[in-house]
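Asker: Chain by chain, the residues:
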Amino acid sequence: METTLVKSNFKSEEYFINMGPQHPATHGVLRLLLTIDGEIIKKVEPDLGYIHRSIEKMCERDSYQQIVHLTDRMDYLSSHINNEAVCLTVENALQLELPDRVKVIRTILSELTRIASHCLWWGVMGMDVGALTTYFYGFRDREMINDIFEETCGARLTMNYNIPGGLMFDIHPNFVQRTKDFIAHFKTKLPEYDTLLTGNVIFQKRTKGVGVLSKEDAISFGASGPVGRGSGYSCDVRKHHPYSAYDRVTFNEALKTEGDTFARYQVRIQEMWEAMSIIEQLIDNIPEGEHKVATNAVIKLPKGEYYQKVETARGELGVYIISTGTKNPYRLKFRSPGFSNLSLLNHIAVGGKIGDLVASMATLDLVIPDIDR
Amino acid sequence: MNISLNITETIQEWLIGFMPEGVASILGMSIVALIYLAIFAVAGLYLVLLERKVAAWFQLRIGPNRVGYWGLFQTMADALKLVSKELTGTVKADKFLYNLAPYFVIISSLMALAVFPFTKEFQAFDINIGIFFLIAISSVGVIGILLAGWSSNNKFALIGAMRSGVQTISYELSIGLSLLTMVLLTGSLQLSEIVETQKEGWLILQGHVPAVIAFMIYMIAGTAETNRAPFDMVEAESELGAGFHTEYSGMKFAYFFLAEFINMFIIAAIATTVFFGAWLSPFGITESIPWLGVFWFLGKTLMLVFLMMWFRWTFPRLRVDQLLTLEWKYLLPINLVNIVIMAIIVWLNLTIKF
Numbered sequence: 001m002e003t004t005l006v007k008s009n010f011k012s013e014e015y016f017i018n019m020g021p022q023h024p025a026t027h028g029v030l031r032l033l034l035t036i037d038g039e040i041i042k043k044v045e046p047d048l049g050y051i052h053r054s055i056e057k058m059c060e061r062d063s064y065q066q067i068v069h070l071t072d073r074m075d076y077l078s079s080h081i082n083n084e085a086v087c088l089t090v091e092n093a094l095q096l097e098l099p100d101r102v103k104v105i106r107t108i109l110s111e112l113t114r115i116a117s118h119c120l121w122w123g124v125m126g127m128d129v130g131a132l133t134t135y136f137y138g139f140r141d142r143e144m145i146n147d148i149f150e151e152t153c154g155a156r157l158t159m160n161y162n163i164p165g166g167l168m169f170d171i172h173p174n175f176v177q178r179t180k181d182f183i184a185h186f187k188t189k190l191p192e193y194d195t196l197l198t199g200n201v202i203f204q205k206r207t208k209g210v211g212v213l214s215k216e217d218a219i220s221f222g223a224s225g226p227v228g229r230g231s232g233y234s235c236d237v238r239k240h241h242p243y244s245a246y247d248r249v250t251f252n253e254a255l256k257t258e259g260d261t262f263a264r265y266q267v268r269i270q271e272m273w274e275a276m277s278i279i280e281q282l283i284d285n286i287p288e289g290e291h292k293v294a295t296n297a298v299i300k301l302p303k304g305e306y307y308q309k310v311e312t313a314r315g316e317l318g319v320y321i322i323s324t325g326t327k328n329p330y331r332l333k334f335r336s337p338g339f340s341n342l343s344l345l346n347h348i349a350v351g352g353k354i355g356d357l358v359a360s361m362a363t364l365d366l367v368i369p370d371i372d373r
Numbered sequence: 001m002n003i004s005l006n007i008t009e010t011i012q013e014w015l016i017g018f019m020p021e022g023v024a025s026i027l028g029m030s031i032v033a034l035i036y037l038a039i040f041a042v043a044g045l046y047l048v049l050l051e052r053k054v055a056a057w058f059q060l061r062i063g064p065n066r067v068g069y070w071g072l073f074q075t076m077a078d079a080l081k082l083v084s085k086e087l088t089g090t091v092k093a094d095k096f097l098y099n100l101a102p103y104f105v106i107i108s109s110l111m112a113l114a115v116f117p118f119t120k121e122f123q124a125f126d127i128n129i130g131i132f133f134l135i136a137i138s139s140v141g142v143i144g145i146l147l148a149g150w151s152s153n154n155k156f157a158l159i160g161a162m163r164s165g166v167q168t169i170s171y172e173l174s175i176g177l178s179l180l181t182m183v184l185l186t187g188s189l190q191l192s193e194i195v196e197t198q199k200e201g202w203l204i205l206q207g208h209v210p211a212v213i214a215f216m217i218y219m220i221a222g223t224a225e226t227n228r229a230p231f232d233m234v235e236a237e238s239e240l241g242a243g244f245h246t247e248y249s250g251m252k253f254a255y256f257f258l259a260e261f262i263n264m265f266i267i268a269a270i271a272t273t274v275f276f277g278a279w280l281s282p283f284g285i286t287e288s289i290p291w292l293g294v295f296w297f298l299g300k301t302l303m304l305v306f307l308m309m310w311f312r313w314t315f316p317r318l319r320v321d322q323l324l325t326l327e328w329k330y331l332l333p334i335n336l337v338n339i340v341i342m343a344i345i346v347w348l349n350l351t352i353k354f
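Chains as they are written, first to last, in my numbering: chain A, 1 to 373; chain B, 1 to 354.
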């Protein structure tokens, strides 16, 4: 719905309002400095740093095995994928050849993580546009995945299952069956998501044409993940630079060209279906073999610079390591998807209403610790 | 069973025995007011419990079940907690208006209850402009909300209050016009007479097509009038935190909270009275037992309350401009046409009577 400007003799004044750091829509400690005219947003300025923990600096202190644990605390909803990113970088640097079993299990767990993350996003998305019930439906299904994780990794959120050289321990005997049960369950429940929210007229009115991001802007702002793909920017790392077992599965990259909030929403729903199909292709034939290869107790990377990117639930996570040949990295930089995605918030929110800002922010799917690190 | 259910008169007649007539009538009214206050404060608390239970059923949860059997004392405990809480406020708030605001809201809600015919003759005040009184009183509440937002010295509260003002003023038109549509059918504003005419069939059946349209518009506008989802722009929590009552605590907050639930009851009770025959039982099955009318009245009202809760727990929230578009571009024109259709139907005597 376009905004029509009414010229009148009324004098309107812009005013400033603080949204956050404690505000329900910012999903954590993000502070938005809003300049608004009535309900219309003139400027959005994110203010970061409320949960900055110097993770990158801490990485310079720690050994490579320890760094993996820190990454859990970045994007806590994709903790497994974050772990995988660091492990892959280290493994590439050491030129380790991983067993197939490790690759397949990592891929399955990554996709389960993606579903879990999107379930939570879907629930919160509904809540942000005012449908409170979605939250519980999203969590119902996410709980099942968390239970699978708990059994196999020993943790529900910060999993720490990957180590440089493989997996910390082998999968639990129940893992395959429970994952299959979950897929069967979720196939019946995902259409429910559409019935409850996607098809709702009010929801479509709230999201269609709201927060439009063009493909060019998506590229120039460095958008990745569902945000970029919602604008028609094919940026799926799994497809373009396959890692782990993604080269042996077939899946479609969810792409929409509209670039609005609804497109980003649809991309994520589509990704859940794709993730299920990836898991189904792999779950029945997990290769036998070792769950890790032996590495030195103290890992020293050869002198040089290493980069590896993975697709987390939010987009492209890059790990850039500069090593001087010691047991710690000289410098470690994370390229987090949330930071780049947040940078375009001002671009898509200006001119909209406060409600539009909340709806578009929901589809950026921000995790604040990922932005601040 | 031959007890007089007209409580105001009964009490006054009894009091006249000991005191002058003027004092008796004032005292009688006060007693009735206190009875209503007590009943509906408790009823409001149980509506809160019902809402929490309904929300739980929609959301795959159990809901409150710790305080008392089935959580029956949960909201009582909550109320006690709210009474014992400190009343906080912002430093530069306009203290007088800030303290006044909750009373506007709660008083307007409670006043509207006086005219409902809970059963035959069980009505505190049967005034001849009943419908008009209801519409007038229900629009007083918005003053309280505007004052609360204005005086809190909080920008989020102010945005919430302004949204509320614009919303309530718009949707009152629809409420008024849809009720007027039904008044055309009955030819009276007095609630007891409106019920009398429904002995020939509930008005929603008598007026068939335009009555059903009027009912739907009424329910939409009524939900908006009470500031409940999907029209809860006023306290859109993901946008404004708590909206106009952000800065209120303790019992003052409780007044707003209670008023919301009593308002919901009122909206449903008006719909029951005007569309579904108030205390009349279907096919007159319990006509010989007048006090059973309370059961029918509350039953119908609670069905409509449940409908409004159903809205709240399934629909997302509209945006503020969409809300106004819905009212001014859709509901209002439909309503105006609907009134004309109803007038023609009444004029040509096309109503259905049993």
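Certain hints may be false.
Pairs of lysine to aspartate or glutamate, EDC-like flavour, derived with a Cα cap of 20 Å [claimed, not checked]:
id: 1; chain 1: A; residue 1: K205; chain 2: A; residue 2: E39
id: 2; chain 1: B; residue 1: K155; chain 2: A; residue 2: E45
id: 3; chain 1: A; residue 1: K42; chain 2: B; residue 2: E193
id: 4; chain 1: A; residue 1: K187; chain 2: A; residue 2: D247
id: 5; chain 1: A; residue 1: K208; chain 2: B; residue 2: E200
id: 6; chain 1: B; residue 1: K353; chain 2: B; residue 2: E200
Just so you know, these hints were derived from the structure itself, not from any lab.
Asker: State for each hint whether it applies.
Answerer: Each hint tested on the structure:
1. A/K205 x A/E39: With a Cα-Cα distance of about 18 Å, the restraint between A/K205 and A/E39 holds, given a limit of 20 Å.
2. B/K155 x A/E45: Between B/K155 and A/E45 the Cα gap is close to 18 Å, so the pair holds against 20 Å.
3. A/K42 x B/E193: violated, 55 Å
4. A/K187 x A/D247: violated, 24 Å
5. A/K208 x B/E200: Violated, because 48 Å separates the two Cα atoms, which is more than 20 Å.
6. B/K353 x B/E200: Distance ~5 Å between B/K353 and B/E200 Cα, so the pair holds.
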